[in-house]
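A.B. asks: Sequence:
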Amino acid sequence: MRILILGATGLLGSHIARALAADGHAVTGAGRELDFTVLATAAAWAPHLAGMDAVVNCVGVFRAREPDGYERVHHTAPAALFEACERMGLRRVIHVSALGSGARAATAYWRSKGAGEDALRGHDLDYTIVQPSLVYGADGASSRLFLALATMPAVALPEARGALVQPVHVDDLAAAVAALLRPEHGGIRELAAVGPRALAIGEYLADLRRGMRAGTALTLKLPMALAGLAARLAALHPASPLTPDALAMLDAGGAGANTADPAGMAALLGRPPRDPATFAAPADKPRAVLAWTLPLARVSLAALWLWTAWVSWFGWPHNDSLAWLAACGVPAALRVPALLGASALDAAIGCALLPRPRRWLWPLQLCLVGGYTAAMTLCLPEFWLHPFGPLSKNIPLLALMLVLWRLHDERN
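Numbers -21 to -1, 1 to 391, taken from mature numbering (1 follows the signal peptide of the UniProt record, and there is no 0), label the letters of the sequence shown in order.
Hints may be right or wrong, so weigh each one.
[Stated by the list, open to error] Straight-line Cα separation of at most 20 Å, SDA-like style, residue types lysine to any residue; simulated pairs:
#	residue 1	residue 2
1	372	264
2	264	181
3	372	351
4	264	189
5	264	382
6	264	250
It should be emphasised that the hints constitute simulated quantities derived from the structure, not laboratory data.
Just so we're clear, the structure is a prediction, and the values are computed from it rather than from any experiment.
Please work from the sequences and hints to get the whole structure.
C.D. replies: Laid out in structure tokens, this is it:
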């Protein structure tokens, strides 16, 4: 069949596209180039549907950037799509929604997903609504978060009221969608795409931890009030999957919103879905560890530069600092400006490290710390013998800066 996949550049869409191509289908993908402010009518969808035999809609946004973002992407545009399919006689539609969706659901995300489902049910189409639970895919934002949490030596988890999740592997989800497009599986109206068992978040993390061989961890219970505050703070980062809505969806798991009978998936796949204990592997561990240790290292360096700036100008006696500058051969007229300039430069570097630092900031730090170390080695070598190690501590600092430089994402 000729199949149009909407959301083909996302985690679900890309895996589904590969599964359908492996089944011999001619796949056409559409992703971020789709403008849902335009695709609000059946006529606007018609050119995209021409010549297609089936449509798989994987489009979704977990965090809407505009007030009407959820409604537009999950309801208005899909409703127009379904109307266009009916008008053009394109009967086979697979609509990937979300487990827990409905008009009275806990979050706007779920409610808009439910509205999209209702719109599809109102059309004379051969449709299947796929409702995934928490999806695991090594490149998915939520999965990267869980993998990172699973490698931490201690983690505080929300004290949700008996909340359960039922993670499904993205490969199983893709295989299920591919199976739905085979003639023998026609007539399935709804599919709860879930894994084989429901488990608490702590149990899920333990499965991932064992898979990565990440050792044991201390698990603490975080009261929901504090968890809500943490979610609001995390949501300040535009790419964070941890938001108040995500916390509300987790909490709704106590009422069964995130779990379902896996029998439908098992029947469709011809086997039980993959168990969460098999999701992660030791090869996932380095990336998961770096996901939280790199920001920690960067913020630690920023704090060091800012503290050094404050101590240099406000905390340490100026006479001592000026005497050191004199020992390094700085002319008397330039000592105060040099001290002030060095303090200001330290502060500027510390501030620049807090947001997304530019790549050139790392070699700049290497040059500065290396220069400070060389100057003091020549002029004040006694600091190498100081019991607090003011110069020897620069060696691991230089190594850390070098590592962060080479690991720096070029896109920054």
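A.B. asks: Can you confirm whether the C-alpha distance between residue 264 and residue 181 stays at or below 20 Å?
C.D. replies: This hinted pair holds, its Cα atoms lying about 18 Å apart.
A.B. asks: Are the Cα positions of residue 372 and residue 264 separated by 20 Å at most?
C.D. replies: violated, 29 Å
A.B. asks: Does residue 382 lie within 20 Å of residue 264 when you go C-alpha to C-alpha?
C.D. replies: Holds - the C-alpha atoms of residue 382 and residue 264 are around 18 Å apart, at most 20 Å.
A.B. asks: Between residue 372 and residue 351, is the straight-line Cα distance small enough, at 20 Å or below?
C.D. replies: Distance of about 12 Å is within 20 Å: holds.
A.B. asks: So if I understand the rule, the pair passes when the alpha-carbon distance is 20 Å or less; does residue 264 with residue 189 pass?
C.D. replies: holds, 11 Å
A.B. asks: Is residue 264 close enough to residue 250, meaning Cα to Cα at most 20 Å?
C.D. replies: violated, 28 Å
Checked against the numbered hints above, the structure violates hints 1 and 6; every other hint is satisfied.
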